[in-house]
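The primary structure of each chain is shown beneath.
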Amino acid sequence: MRLSYPSNVKIIQVPCSGRVDILHLLRAIEDGADGVYVAGCLEGECHFLTGNVKAKKKVQYVKNVLEEIGIEPERVEMFNLSSGEGPRFAEIAKEMVERIKELGPSPVKIQKAA
Amino acid sequence: MIVADRKPLKEILEMVGDSKKVLILGCKGCVTVCNVGGNKEVGILASTLKIARAKEGRPLEVEEKALERQCDPEYVDQIKDIVEDYDAVISMACGVGPQFLSERYPGKRFFPAVNTTFFGGAVQHGIWEERCAGCGACGIHHFGGLCPIARCSKSLLNGPCGGSADGKCEISKDVVCIWDLIVKKKMEEGHLDELMIFRPPKVWTTARDGGPRKSVREELVQ
Numbered sequence: 001m002r003l004s005y006p007s008n009v010k011i012i013q014v015p016c017s018g019r020v021d022i023l024h025l026l027r028a029i030e031d032g033a034d035g036v037y038v039a040g041c042l043e044g045e046c047h048f049l050t051g052n053v054k055a056k057k058k059v060q061y062v063k064n065v066l067e068e069i070g071i072e073p074e075r076v077e078m079f080n081l082s083s084g085e086g087p088r089f090a091e092i093a094k095e096m097v098e099r100i101k102e103l104g105p106s107p108v109k110i111q112k113a114a
Numbered sequence: 001m002i003v004a005d006r007k008p009l010k011e012i013l014e015m016v017g018d019s020k021k022v023l024i025l026g027c028k029g030c031v032t033v034c035n036v037g038g039n040k041e042v043g044i045l046a047s048t049l050k051i052a053r054a055k056e057g058r059p060l061e062v063e064e065k066a067l068e069r070q071c072d073p074e075y076v077d078q079i080k081d082i083v084e085d086y087d088a089v090i091s092m093a094c095g096v097g098p099q100f101l102s103e104r105y106p107g108k109r110f111f112p113a114v115n116t117t118f119f120g121g122a123v124q125h126g127i128w129e130e131r132c133a134g135c136g137a138c139g140i141h142h143f144g145g146l147c148p149i150a151r152c153s154k155s156l157l158n159g160p161c162g163g164s165a166d167g168k169c170e171i172s173k174d175v176v177c178i179w180d181l182i183v184k185k186k187m188e189e190g191h192l193d194e195l196m197i198f199r200p201p202k203v204w205t206t207a208r209d210g211g212p213r214k215s216v217r218e219e220l221v222q
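Same order as they appear, the protein sequences are chains A and F.
Going by the working numbering, the first sequence opens with residue 1, and the numbers climb by one from there.
Going by the working numbering, the second sequence opens with residue 1, and the numbers climb by one from there.
Chain A extracted, bound-state conformation:
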């Protein structure tokens, strides 16, 4: 299954989506990422029981923070899929890249470049 997905998606591997921290997401935005998403396992199927549910809450926290400071919360997202769903992984990557393209570059990056 040699699936292709947009090359501008940079993958950072973690042992479980529960390892993803609020600071990881915020620092990515701070450093100029146009969007960040977490790909966790399906709900109810976390090997560590609730890692993906915890990740979802952290993603929501970051969305709230971004909204509070006037940045589109859609730039951060949580997706759930099983490790056997390769095609879905590629689909999500395309979906997220499309969404970010519609939103345009991050205002943080625009100002940094100016």
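All clues stand as given, with none of them false.
Calculated cross-link-like contacts (lysine to aspartate or glutamate; reagent style DMTMM-like; alpha-carbon spacing at most 20 Å):
(1) A/Lys-112 to F/Glu-61
(2) F/Lys-7 to F/Glu-64
(3) A/Lys-63 to F/Glu-56
(4) F/Lys-40 to A/Glu-30
(5) F/Lys-80 to F/Glu-63
(6) F/Lys-7 to A/Glu-68
(7) F/Lys-10 to A/Glu-72
(8) F/Lys-50 to A/Glu-68
(9) A/Lys-56 to A/Glu-95
(10) F/Lys-21 to A/Asp-31
(11) F/Lys-65 to F/Glu-84
(12) F/Lys-20 to A/Glu-30
(13) F/Lys-50 to A/Asp-34
(14) F/Lys-40 to A/Asp-21
(15) A/Lys-63 to F/Asp-5
(16) A/Lys-109 to F/Glu-61
(17) F/Lys-50 to A/Asp-21
(18) F/Lys-20 to F/Asp-85
(19) F/Lys-21 to A/Glu-30
(20) A/Lys-112 to F/Asp-18
(21) F/Lys-40 to A/Asp-31
(22) A/Lys-112 to F/Glu-56
(23) A/Lys-109 to F/Glu-56
(24) A/Lys-58 to F/Asp-5
(25) F/Lys-50 to A/Glu-72
(26) A/Lys-57 to F/Asp-5
Hint data in this document are derived by calculation from the structure and do not stem from the laboratory.
Note that the structure is a prediction, hence the values are computed from the model and not measured.
Model the placement of chain F on the given structure of chain A, informed by the hints.
The following block gives chain F in isolation, referenced to the frame of chain A:
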């Protein structure tokens, strides 16, 4: 512990104003335990403020630090060599922190990043509830170990009001009627009769009614 909530970011950004370099100062005491002003939250606020200001094209330089406590002069002293490097200091401690800082460093600006709310504890991970009102004359042993001053919406000391229904307070179904619990507890203890003991009106001079309070332990004063 003292429980607090982070202020809205808009309010913090307004306080920071045109400052170009700020220090965000956390506290490793109560606010760390209630996840609002420890190292972790300092990092989150620092990153958020940097994003907000970068977006406006007015970058903000932010340093992060957390003191052991902000309510003891020896710890507050620990920033004496760096405090002058910043336009302002944002304290993530309870209301005591920014006051100790303001008193120790005249001429510097200190902003509170949290709203200090109550003395309480964690009833479950992520949820804190008020338990003590700091009245200065604890009498919870009269009430089955439960405080009606802190936990009754009206701070009634003589039993429930007419707003008590099914163990809940009339202000919200999420608020228990503490008098319902007190009566049940007294029944379980087999000491319900103790609620009939006449007690004179509470003297409130030990609470805030007596003005700002002070505690002096002569054996410790040097």
